[in-house]
Amino acid sequence: MNFASKEAPVVRYRKVSKSFGDLTILREIDLDIAPGEKIAVIGPSGSGKTTMARLLMTLEEPSSGTIEVDGEHLWHKNVNGKLVRADEKHLHSIRGKIGMVFQHFNLFPHMSILRNVTEAPIHVLGLDKEEAIDRAITMLRKVGLADKLDHYPTQLSGGQKQRVAIARALVMRPKVMLFDEVTSALDPELVGEVLAVIREIAAEGEMAMLLITHEMDFARDVADRIIFTDGGRIVEQGTPEQIFYKPESPRLQTFLSRFRAG
Amino acid sequence: MWSWSFTWSTLPYILDAMKMTILATIVGFAIALVGGLLLAMGRRSKNRLISLIFTGVIEFVRSTPLLVQLYFLFYGLPAIGISLGPFTAGVLGLGIHYSAYLSEVYRSGIEAVPRGQWEAAKALNFTRWTMWRRIILPQAIRPVVPVLGNYLIVMFKETPVLSAITLVEMLMAAKMIGAESFRYLEAFTLVGILFLILSYASSLLIRRLELKWNRT
Amino acid sequence: MVSVDLLPLLYQGAVTTLKVTVLSMGVAFLLSFLAGFARLSRRKSIRLVSSVYVEVFRGTSLIVQLFWLFYALPLLGIELTALAAGVAALGLNYGAYGSEVVRSAILAVPKGQTEASIALNMSPMLRMRRVILPQAMVIMLPSFSNLAIELLKGTSLVSLITMADLTYQGMILRTFDASRTFEIFGLILLMYFVMAYPLTLMMRWLERRFSAGRV
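Protein chains in written order, with the numbering used here: chain A, 1004 to 1265; chain B, 514 to 729; chain C, 71 to 285.
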C-alpha cells in the first residue's frame, strides 16, 4: 500500500504514543494526511481512535512522538535545533488550521445559534462583526439552519445542534476537520441529516477530514482511505474497497463480521 | 509586642473556658437535631395552615441574626416574666437557630426516600408513627449524616457569639484576660488558633467518617 | 403595642446595617473571585497561599476575626476604625466562603465547553471570559444569594465593636426602658427579616429561572 501523495502532507503523526498512567491508549502511531484527503477511522471502542483526534486538536498532549501540521511541529518548538515543549502561544499559532466537531456537540448554551457561530470569528480571527455574521449565515444556510439564528441550543434537536456545531467549526476555515463520532449521541432518526451535511462538505473537497465513526456505509461512501485501529495501533489501512471487501488481518475480519451481524 | 510567657500563662484559663464552648456546642446541637426534625415534619403536615406556620417559623429564624435572637431570649423574655440564665438562653438560641437549618437538611433526606417505600409501608398497614420510625427516617437520615456533621462544625464556630450574653466561653475568657492586662493580642490570637485547630480536626474527622459511611 | 417612638433610632441603625452589608459584600465578592481563581491556578505557590487564606478564615469564627482585627491588631501598630474592621472581617470571612463557590462553579462547567473553545482556538483568557465564566456565574447565583443573607445577618456582630447598627440601637433603646426589651428585640428581628427575605425570594426566582432546561 502506498498512499504517498505528490503534495506534502498537511498532518504527519510520527511514532505518537499516548498513555494515561499505566494505560496505553496509542502505541507509536504513524500517519500522514494529504491535503483534502478524507480518512475514516474505524475500530472497536477503546482502540485509541478518539485520542488520535484529540492529540491533533491539542486537547491531550502526546506522551511521546511528534505531530506536524503544514510542516511545523504542533506540540514542540524548534529552539536552536532542539525540540522543546510548545507553549500556549505556539499551540495557538498552529491550532487555527484544525477544526473539530464533538460527539456531544458542546455548543455554548448561553449563546444564540448565531453567536455560537460568530463568537470565534470575531474574537479569535478578528473579523468585523458584519463579515462574521455574513460568514456565519452562509454557513448556517449550508447546514440548513439559517432560520434558527436567534434560537438557543436547548431549543434545537440533537441533529440540529450537531449541524450548528459543524457550521461553527467550518467558519474558522480549517485545513483539517476532525469529526469525533458525531452521530453516536443522536437518536437514530436524526443521524441521516447530520451525515448528509458532512457528505456535502466532503464533496466540496478542499478540506482534509478525519472521520471517526461507527457508520460503516457512510465511511465507505465518503472516505478516500479507511484506517482500522485496535489496541492503540493502526492494524490495517486501505481504500474502502480493500478494507470492506478484502480485509486481510483476522482482527479486522472479526470486527467487520460483528458489525454485519449486528 | 508578642509575649510568649504571657501567652502560656493565659492558656489554662482559655482551655478551661473551652469546656464551656464544647458543652454549649453539644447541648445546642442536641436541641437542633430534635428541633430540626420536628420542624421538618411539621412542615410536611397535610394541614395547610400548620405547614404554613412551620414554613414561616423556619424562614423567619433563618433570616434573622443569631445575636439578636440571643438578646431576645436573654434580655427580652424576662420583660414578660421568663428569666433564663446565660447558658440556657445560649444553648436554646443556638438550638433554635440551627433547628431551622437542620430542618432543611432533614427535608432533603426525607424527599430523597423513594415513593415506593411510602407505598410499601402503607400497603403493610403500618401506623403513621411506625412508618416514620422504622421505614422513612432511617433511610432519610443516613445519607444526610455528613451534612449534619458539617453543621455541627458551623455551630461550634458560632458559640463565641454567646459571649454577648455574658456566657464565659473561650472568647469571653480571652476578652476578660484582655481587659485586665490590655493584652488582647495574645488572648484573641490563641482563641483563633484553638478554633482553627478544633474545627479543622473535626472536619477531617467528619470527612473520614463520611468515607467509611459511604463504603458500608 | 405602640412602637412608633422606637422607629427613628432603629431606622438609623438599619441604615448603618445596610451600609456595612453593601461594603462588605463588595469586598467579599472581590475576594471570592480573587481567591477562587487563585485556587485553580497552575502555580502551586498561588494555590497554597489561597488555600491557607480560605482555611484560616473558614476555620475560625467571624466574631473572633472581628475582635482580633478591632482589639488585637492595634497592638501590632495597625489601628482600624470600627467600620474598617467590620468590613474587613466580614469581607475576608465571606470572601473565603465565596471563593469555594467560585471555584466549584468553574469546575462544574462541563469539560466539553473548554474543549470546544480550544477547538475554536480561543485563548485561555477569552475562554474564561466568554465561555466558562458566563456559565459559571449562573451556577454561583444561588450560593451567592445564600451567602448574602448570611452576611447580612453577620453584620449584627459589628454592634459588639461599637458600631451603631440596628442591633446596637436595640441595646441602647433597652437602657431607656428595660420593660420594653421584648418589644424592642421583637421589632429588630422583624426588621432583619424584612431586609433578608427579599434576598431569599430573589434566590428562589433566580434558581427557577436558570435551572430550567440547560444542557
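Just so you know, the hints here were simulated from the structure itself, not pulled from any lab data. Don't take every hint at face value.
16 Å max Cα-Cα, derived EDC-like pairs, lysine to aspartate or glutamate [what the hints assert, rightly or not]: (1) K1100(A) x D1073(A); (2) K181(C) x E1063(A); (3) K670(B) x E125(C); (4) K670(B) x E220(C).
Looking from chain C toward chain B, a few residues come up when the C-beta cut is under 10 Å (computed) [what the hints assert, rightly or not]: (5) L230; (6) T232; (7) G240; (8) M241; (9) R250; (10) T251; (11) F252; (12) G256; (13) L260; (14) L269.
The calculated label-pair distances, taken between Cβ atoms and stated as ranges, are [what the hints assert, rightly or not]: (15) L104(C) x F1023(A): 29 to 35 Å; (16) A1199(A) x K181(C): 28 to 34 Å; (17) W275(C) x I539(B): 52 to 58 Å; (18) W275(C) x E1209(A): 48 to 54 Å.
Glycine is no exception: its CB is placed at the ideal position from the N, C-alpha and C atoms.
Results for each hint:
no.: 1; hint: K1100(A) x D1073(A); verdict: holds, 9 Å
no.: 2; hint: K181(C) x E1063(A); verdict: holds, 13 Å
no.: 3; hint: K670(B) x E125(C); verdict: holds, 13 Å
no.: 4; hint: K670(B) x E220(C); verdict: holds, 14 Å
no.: 5; hint: L230; verdict: holds, 6 Å
no.: 6; hint: T232; verdict: violated, 13 Å
no.: 7; hint: G240; verdict: holds, 7 Å
no.: 8; hint: M241; verdict: holds, 7 Å
no.: 9; hint: R250; verdict: holds, 7 Å
no.: 10; hint: T251; verdict: holds, 5 Å
no.: 11; hint: F252; verdict: holds, 4 Å
no.: 12; hint: G256; verdict: holds, 7 Å
no.: 13; hint: L260; verdict: holds, 8 Å
no.: 14; hint: L269; verdict: holds, 8 Å
no.: 15; hint: L104(C) x F1023(A): 29 to 35 Å; verdict: holds, 33 Å
no.: 16; hint: A1199(A) x K181(C): 28 to 34 Å; verdict: holds, 29 Å
no.: 17; hint: W275(C) x I539(B): 52 to 58 Å; verdict: violated, 38 Å
no.: 18; hint: W275(C) x E1209(A): 48 to 54 Å; verdict: holds, 51 Å
Hint compliance for this structure: hints 6 and 17 are broken, all remaining hints hold.
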